[in-house]
Each structure stands twice: as structure tokens, then as C-alpha cells.
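*Asks:* The lines below spell out each chain.
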Amino acid sequence: MTPDPLTSERAKPGDHVSVVVDTEPRPRRRLSLSFQTRLTLTLLAAAIVPLGVFGLVLIVTGTVEPQVGSRLLLFMFAIAVAIGILGGAVIGLDLVRPLREISAAVQRVSAGDLSQPIPVEGNDVLAQLAESHNRLAGDAERRNRQLGLILAAVESAEPRDGTAALAERAARDAERAFGFISAELRFVDPDTVEEEERIPGVSLPIRAELRAGDERLGLLLASLPATQTWERADQTLLDLYASEIGVALRNAELFEQVQDQNVQLRRLSEVKDDFLRGVSHNLQTPLTSIRSNAEAIAADSAARDPRLGTISDQADRLSRMVQQLLLVGRLESQPLRPDTDVLALGSRVQRAWDALGVRDRTLDFEDTAAGWLAIGDGDQLDQVLWALLDNAVKYGEGTVAVRIGADATAGVVWTTITDQGRGLDESDREWLFGRFERGPAGRTSGNGSGLGLYVSRALMRGMGGDLVLDPPSTGRGASFRLTLPGEPAQEA
Amino acid sequence: MFPGAAARTHGHAAPRILLVDDDRDLLVPLADQLRHDGFDVTTARDGDEALRRLDSSWPDLLIIDLLMPRMDGLTLAREVKARADLPIIVLSAIDAGDNKADLLDEFAEDYVTKPYHYSELRARIQRVLRRVGDRVPRKGLDLGPDLSLELHRRQAVVGGQEVQLTPTESRLLFALAANLGQTVTTETLLSRGWAETDEAEPSYVWVTMRRLRQKLEVDPNRPRHLLTVRGIGYRLVAVGNAGAGLDQADV
Chain A
158 MTPDPLTSER AKPGDHVSVV VDTEPRPRRR LSLSFQTRLT LTLLAAAIVP LGVFGLVLIV
218 TGTVEPQVGS RLLLFMFAIA VAIGILGGAV IGLDLVRPLR EISAAVQRVS AGDLSQPIPV
278 EGNDVLAQLA ESHNRLAGDA ERRNRQLGLI LAAVESAEPR DGTAALAERA ARDAERAFGF
338 ISAELRFVDP DTVEEEERIP GVSLPIRAEL RAGDERLGLL LASLPATQTW ERADQTLLDL
398 YASEIGVALR NAELFEQVQD QNVQLRRLSE VKDDFLRGVS HNLQTPLTSI RSNAEAIAAD
458 SAARDPRLGT ISDQADRLSR MVQQLLLVGR LESQPLRPDT DVLALGSRVQ RAWDALGVRD
518 RTLDFEDTAA GWLAIGDGDQ LDQVLWALLD NAVKYGEGTV AVRIGADATA GVVWTTITDQ
578 GRGLDESDRE WLFGRFERGP AGRTSGNGSG LGLYVSRALM RGMGGDLVLD PPSTGRGASF
638 RLTLPGEPAQ EA
Chain B
215 MFPGAAARTH GHAAPRILLV DDDRDLLVPL ADQLRHDGFD VTTARDGDEA LRRLDSSWPD
275 LLIIDLLMPR MDGLTLAREV KARADLPIIV LSAIDAGDNK ADLLDEFAED YVTKPYHYSE
335 LRARIQRVLR RVGDRVPRKG LDLGPDLSLE LHRRQAVVGG QEVQLTPTES RLLFALAANL
395 GQTVTTETLL SRGWAETDEA EPSYVWVTMR RLRQKLEVDP NRPRHLLTVR GIGYRLVAVG
455 NAGAGLDQAD V
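From first to last, the protein sequence lines stand for chains A and B. Just add 157 to the spot in the first sequence (first one is 1) and you have this note's numbering. Just add 214 to the spot in the second sequence (first one is 1) and you have this note's numbering.
Read the hints as simulated data drawn from the structure, not as lab findings. Heads up, the beta-carbon is just placed ideally off N, CA and C, and yes, glycines get one too. A couple of the hints might just be wrong.
Derived Cβ-Cβ restraints for the label pairs, each shown as a range [to be verified]:
| no. | chain 1 | residue 1 | chain 2 | residue 2 | range |
| --- | --- | --- | --- | --- | --- |
| 1 | B | 396 | A | 417 | 55 to 65 Å |
| 2 | A | 306 | B | 433 | 51 to 61 Å |
| 3 | A | 516 | B | 249 | 27 to 37 Å |
| 4 | A | 519 | B | 271 | 45 to 55 Å |
| 5 | A | 418 | B | 429 | 31 to 41 Å |
| 6 | B | 429 | A | 315 | 34 to 44 Å |
| 7 | B | 443 | A | 490 | 44 to 54 Å |
| 8 | A | 490 | B | 397 | 42 to 52 Å |
| 9 | A | 464 | B | 397 | 49 to 59 Å |
| 10 | B | 359 | A | 490 | 55 to 65 Å |
| 11 | B | 433 | A | 423 | 36 to 46 Å |
| 12 | B | 415 | A | 621 | 21 to 31 Å |
Generate the whole structure from the sequences, applying the supplied hints.
*Replies:* Structure below.
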């Protein structure tokens, strides 16, 4: 711990002279003798030179014997030197002490301590120096405080508070930070607002432009009590504040715009959902009554007319296609929230096949997933199975093969649906799961909506499973693979 | 063959159903089909009419449409539940994935999408009727420090965390909670959780119970609330003195 030179000197004021003298012999600083040394030399010169001249005059004029005279002169010189050094030290000390205090205070200020003013005594130049230092430190402290308040104000400006609230708060913060009588933010062209007149003894009008980049947003107008001074540094600080507030206001404005747009988008999305709901209701309701009436007739009549079955099946088919369309509309606006029910895939596939009402094709079905059940949403899975089986019938030929199995290590139950059609090329695989896409056969026949695979994949993924196209292999057509999370069917 | 007869064990001559739909073309044939199967069916064309019918007598079950003029299905369901805890099946062209249907979670016992298959609707009706007579406190059921059930909202609170239950899970829990501390057979749970048309098997109950345990038990491997009675069924038990207040709530 080396002592701070400043404090060590202050602790031992008697060392001043020696410290100063010590620095003298250094050749580099030959010309810059210390203040105290110069003072001492001056005093000595003032005492010795007239004394010497006076002695010489006495000796030359013969008033005094040269021997006596030179001895007396030597003695007087010694006394003058002693008085000179002593006087120089005393006066020097007296002069240097306040200067040292000022220097220490300046060092404190530069180190950030603005709290200790220098005690001011008397009315001389040194006292004035101390006073102006004190004022400087006071100003610095005030600006520091203002800067702190401004920073706090700027930091607390949240875009989500809205422009009106921000402007109001910015005005209040400015009043507090700068000590204004009043302050307000005006969103007008700054050039149209004329400079206010100063009311002597009451207030001083102050203004700063609110800016965000190059854009001039308006003015911050304030009035300062006449008792307070307003210097260039204050104006600079206020300008800085105004530009920060300008940026915050611009951000708030942008935030409000984005919020507005979000609200509009949400409303549009709700309108769309409402519309889809209406469409669904208006299409499904007549289909429901067609279906239920056909079923009712079938239940009543003793002789089962197969045409009633066709009516039911076709109503079902139409309804599923409507459902598919609605799902597409909804996939983007509402998250899928599938149920997580226990499902046996085998019976679901069988039922979906029956619902298709296909008479001229056969289903080759094999279930090897014994001891495993899938977890998913029954209605959604039905929708997927229906779409895939319908595709296999529409685009394939011959038998539709369905295999069901379980992968115990992955905890997955899978289903493959394979048709005997011409299959799909590598190029087809790219667009297959896109919206409104149909296979080559579909494109020519205009059959189907082209939404089946797109919706099906979304539904399967929503359930934590997937729908993929298996790699092509010779001797068979397209093969789709469905997966769902599985659970072993054991008592627990 | 006559499902209504099967449901007649609850004391009524025939289960009474109030059918509410604004579409006459659906209302008439459906009512006929249900009557043919032994149900006592009353119909209403809108919510106001349905509430008026409730003033004179309470059905065992309501089937209501979601989109109706004047009073929609949600408002009607809310009004009905404010009067009595009657089971409600929603029959709607809006499918269950729509978020509008979610609002009904609290009120609807089941959800059937139009166009419905009559056999499926009938199976669902029967399943819902099986719970008639079972009561679970509406404001929630405290089963211990780590578990409380709010089955009417399809929720459980496990260790302070809210857990959403699926409709099937809450149906099974409803049956278990109504017989708290007693063993409920796997067959009973099967008939309460699934309709006949679901072609469910006992393994459905096993897997669902296992998954429920993962949701509700702090340590699923050492269950404290959902206990297996091997070869017979399951039991829901309260831990500590949590079940003490239940008897009063249950009466």
C-alpha cells in the first residue's frame, strides 16, 4: 500500500520545502523552479541587492573602512538570506495551502466525488478560484442528477404503453429532471410554433425538437423559473432527451400499428372461421337429413332397397369432402387439438373400407399388431383412412393391400396402404403432399379435391404420428405408411 | 335389440330425451327412430322452447344442435346446467376440432358430428344414460395433497399443476369417483367409457388407465390413487382425510 502522494503531503505539511528542494537539482526540470523557491529567491534578491549596493556606496565614498565595511556587509547578507528563506517559506506555505486544497478538490471531482465543496475564505483571487470550482462541481452534480433522471425516464419508456401515455410521462419526467415550471409535448411542425417571449423575473421559455432519425415529430416546450440558469450544456442535455423520447414515441407508434394489424388479422381469421362454420352447417345439415331419412326408410321397409344404401354412402362421401375442405381452411388458423384415445387400427380400417361402399374391389387385410393399441383421435384417423383408401381405389387397380404392425422398440403402430396402380415417380413425390395436388390419373380425370394427402399428413402429425410415401418397389403401386404412437395392450 | 329397454333399469318406464334442433327435416325422422327404439322423445325447435319444456318435466338426457337461431347451443347448454346437471349430447355440423366446440367441453357429455350414423348416435346415448344416478361433487373432488379432480371441467390438479383430461378419461374417472374407494369392474368402465359402436375391448381400459396414472400419479409406478384390482377392475381412493368431506357432498 503506497500512500497517495496527495494525502501524505497533507499529513506532513512540514515536508513541503524539502520536497520542493529535492526536485530542483534534476537537470531536466532546471528551468521550472518551484513556486516557493522562486519566491524565496525573489525575497533574497530584494533584500541582498539594495543592501550590497548600499554597502558598496558606503565603502566607495569612504564613509566606512573597507575591512569593517566588508565584514558588516557579509553579516548583513547572512541576516538577509536567513530572513529571505524564512519569509519565503512562510508566505509560500500560506499561498500554496489553498492551491493544494483546490487541486485536491479538482482531483476529487475528476474521480467522481462532487459532494465536498472547498471552504471559501476571504475575497481574493484564490477565494474566487475556489468559488468557481465549487460552482462547476455543483453544475456537474446537477447535470449528473438530470442525466440519471433522463436515463431512467428513457429506459422506462415501453412501446406498449402507447404514445399518449408516453408523451404525458415524458413531459412530467422533463419537469422533474430539469426543474421546469411546466413542460408539454406538442406534435406539430416545429417551424409553425413561434418562440415564446421571455417574462423577466418569472420564467424563461425553453424548447427542444422531438426527433426520430431525420423525422421531426414535434416540440418539447417548457418554461424554466427565472431563478435558474440555462446554459448550453443544459440545452444539449435537453436536446438529447428530446431525441430519445422521439425515438421511444416512434416505437410506440409502430407498436400500436402492429397491434392494430394483429387485431384486424385476428378478426379476419375469426370472420373466416365463422364463414367456414356457416358453410359447414349449411352443407352438412341437408346431407344429414338426406342421410337420416334414407336410414329411416331403410329401417322401416322390409325389403332392403340397395339404392337407399347408395344414398347414405354418397351423402357420407360428400360430407367427408366438405369436412376435408373445412379442415384445410382451419389448419392455418386454429391449432389441431386431437384427442388422445385408445384406438384399434384394424377395426377402424375395416370400417373405413365399408364406408367407402366399393363393391368391385377387394381389400387384402393383415393385422400383425396384436397386443398393441394406437393412441390418437378416432374421428381424425377415420378421416385419414377414408382419404387414403379412397385414393387407393381411385388411382390404383385391383386389390388394395393393408398391413398393420407394431414396432415395439419405437413404441409405434404402423399401417401401410398399397394399391396395385402404376405407382408414383420420384418427381411426383415432391408435390404429393402439397395443397390441391393430385396424382397423374387424378389430373386427367378431374376426380377428387387434391386435399386428401395434405390434410391427412397434417392430421397424422398433429396426433404425434406421420404419413409418408414408402420407397417404390417393383410389382406394386403407391404405398403409404401411417404411424401413430402405440401402447402395449396389457393390464396395468 | 331394444336399447331403450336396457336403459330402463333406472326406474323410469323409458329414458326421456329432449331433442333440440331447428331443422325440421332432421328432427322428425330422428325423433321417430328414437321412439322406435323405445325412448320417450320430446322435441323443441329452439332454445326458448327447450327451456319451457324443462319447466314442466326434466328429461334424462338432452340432445342439442350447436348452431340455432335466437339462442345457440352453448347458451342453451349453460342455461340447462344452471337448472340441473342433466347430461347433454351435442349434435352438430361443426366438427369437434373447431374451437367453438371447445367451449362446450364444460357442458357437453358427448359430441356427435353431423351427418351422424344413427347407430352410433344411439350407442352414445346409451353410454351417457348409463351414468344416470352417478353423482360427483360439481365444485371439485379433493383426493389428497397431490390430487384433486374437476371432472365437469375435464381437469385434474396434480401437485398444483392443471392437467387436461380427454373426454374418455374423464368419463372413466367419473365412474370411479362416483364409487370412491370401491372397485369398479373393467366391464363397467368399458361400458361407461366407450359406446358399443366403438368395438372397444378390455385392453382399451387397461391402456387408458395406464395413461391416466401417468397423468395423475406423482409416481406412476407406485400409484396411490388409481389402484388396480387384478383381474377385476380398478379403484379410486382418497389419501389422508381428503375424502372425509365427500360423503356430505355426495348426499
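*Asks:* It remains to establish, for every hint, whether it holds in the given structure.
*Replies:* Each hint tested on the structure:
1. A hinted range of 55 to 65 Å holds for the C-beta pair residue 396/B and residue 417/A, which are about 58 Å apart.
2. Between residue 306/A and residue 433/B the beta carbon distance is about 56 Å. The supplied range of 51 to 61 Å therefore holds.
3. Distance hint check: the CB atoms of residue 516/A and residue 249/B are about 34 Å apart, consistent with the given range 27 to 37 Å.
4. The given range of 45 to 55 Å is respected by residue 519/A and residue 271/B, whose C-beta atoms sit roughly 53 Å from each other.
5. Hint check: residue 418/A to residue 429/B, Cβ distance near 39 Å, so the stated range 31 to 41 Å holds.
6. Residue 429/B and residue 315/A have their C-beta atoms about 39 Å apart, which keeps the hinted 34 to 44 Å range intact.
7. For residue 443/B paired with residue 490/A, a C-beta distance near 46 Å keeps the hint of 44 to 54 Å intact.
8. At about 46 Å, the CB distance of residue 490/A to residue 397/B agrees with the hint of 42 to 52 Å.
9. The supplied range of 49 to 59 Å is met by residue 464/A and residue 397/B, whose beta-carbon atoms lie about 51 Å from each other.
10. The hinted range of 55 to 65 Å is not satisfied by residue 359/B and residue 490/A, whose Cβ atoms lie roughly 41 Å apart.
11. Separation of residue 433/B from residue 423/A is about 42 Å and conforms to the stated range, judged on CB atoms against 36 to 46 Å.
12. At about 22 Å, the beta-carbon gap between residue 415/B and residue 621/A stays in the expected band of 21 to 31 Å.
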